[in-house]
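Q: Throw the hints in and build the complete structure from the sequences for me.
Number of protein chains: 2
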Amino acid sequence: MVQQERARTTRAAIIGAAARIFEEQGYGGTALATVATQAGVTKGALYFHFPAKEDLAVAVIDEQHAIASADGVRVQALGRPALETLVLICRGFALQLLEHSVMRAGIRLTFEASAFGHDVRQPYLDWSARCAELARTAQDEGDLRRDLDPEAFARLVVGSYTGVQMVSSILTGRQDMLVRLADLWRMLLPGVLAADRQEHATHLVDVFLHGTT
Amino acid sequence: MVQQERARTTRAAIIGAAARIFEEQGYGGTALATVATQAGVTKGALYFHFPAKEDLAVAVIDEQHAIASADGVRVQALGRPALETLVLICRGFALQLLEHSVMRAGIRLTFEASAFGHDVRQPYLDWSARCAELARTAQDEGDLRRDLDPEAFARLVVGSYTGVQMVSSILTGRQDMLVRLADLWRMLLPGVLAADRQEHATHLVDVFLHGTT
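Listed in order, the protein sequences are those of chains R and V.
Going by numbering that gives the first Met the number 0, the first residue of the first sequence is number 0, and it counts up by one from there.
Going by numbering that gives the first Met the number 0, the first residue of the second sequence is number 0, and it counts up by one from there.
Worth flagging that the hints you see were computed from the coordinates, not collected in a lab.
For glycine and all other residues, C-beta sits at the position ideal for the given N, C-alpha and C.
Be aware that a few hints might be false.
To give a feel for the contact side, a few chain R residues facing chain V, derived at Cβ under 7 Å [unchecked claim]:
1. 120
2. 151
3. 161
4. 182
A: In C-alpha cells form, the structure reads like this:
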C-alpha cells in the first residue's frame, strides 16, 4: 500500500513537472531528462512510469481533461438553469487555465499533437456534445431561441472559446482572457437569447465574470 | 536579368513545396532534403536561398501575409460599406485557406512558431487594427451600434475566426469551415448591429457565403 501510494506521488510529481516544461517549451523542446530533474526523480523512475515522451504528453492531456470534467460535475451540482450552467462551465474552464499549468500545457500539447500522432478530435467532440445538450435544455427552458440550431451554437462556442483564449495567450499571456471571453458572451448572447429573455444577457455576463451568487 | 528571373522561380518553387510539407508534417516533421526533392532543386540551391529551416518557415509565413494583404487591397477597391468590406475580407481569407497550401501552412507554422522562436504577435495585431478601423467606420456609417467598443469587437472577430477555422480543421479538415464561419456571423451580428440595421444581418451572412453581387 505504501509502495502504491509512493508510485502515485511520483507519477503526480512527474506530470506536474512535465506540465510546467511542456507549457514553456512545447512538445519538441521538452527533454525527458529535464522533466526527471525538475520532478526530483531518477531517470529510471521516469521511464518506469512513462517509457516515451509521447506517453507523458498523453498523460498531461488526460490530466487536463480529468480536471475539466471534475469541474463540470461541480458546476452541474449547483442545479442552475442550463444556459447559466454552460456559462459557469466556461468560467470554470477559463479560471482553471489561469490557475493550473497542466491545463495550459494540455492546450498547447493539443495544438501540437500531430507532432506525436495523437488524435485530438475527441475532446472537441465531447465539449461540443456537452454544449449542444445544455443548449437544447436551455431552449426547453425558454432561454435560447427556438430556431437556434443547438449543434451550430455548440460548435461556435467551442471554436470561439478556443480561438479567443489562444489569441489572448499569444498577445497578453492570457492577462486579458477573462475580459475577452466576457466580450464574447456580451456580443453573442443577443443573437441567441429568446426575444423575451434579452434582459438576461447582462446577468449572464456578470455570472461569467463573477460566478453565481 | 534571366538569372534573377530564374532565382525568383526557384525561390517560388521551394516555398510552394515547403508549404505543402509544412502543412502536412509541421515544423518539427519537415526535413530540408525532402523540400529540395519535392521542389525539384538541389540541396545547394535550397541552402543558397534558405540557409536554415527557420528561414524557410518565416518565408512561408511572409508569403501567407502577402497573399492575404493583396486580397484585402482587392476587396477594399470594391468600395463597399465598411462592415460589408470586413465580411468580404473574412470571406476572402477563408477562401484562400481552402485554396492555397501556403495559407494553411502559414497558419500551422504560426501555431508552432514558438518552436523556432518567431514572434507571431504582429499578424494578430495587424489584423485586429484593420478590423477595429473598419468597425469604427461602420459605426460612422450607422451599421454598428454606437456603444460597441471597436477594439473589443475586432479582437473578438480575430479570436473567434482563429478558433472556428482551427476546430473546423481538426474535426473536418476544414470541410465545414465556411458554414461554421457563416454561423459565427449569423449569431454575432444581432448583438453588434445598430437597432435600425438589424435586417442587414441576413444580407451580410449571404455576402459572406456568396460574395458581393
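Q: Are the hints correct? Go through all of them and say.
A: These are the hints, each one checked on the structure:
| no. | hint | result |
| --- | --- | --- |
| 1 | 120 | holds, 6 Å |
| 2 | 151 | holds, 5 Å |
| 3 | 161 | holds, 4 Å |
| 4 | 182 | holds, 5 Å |
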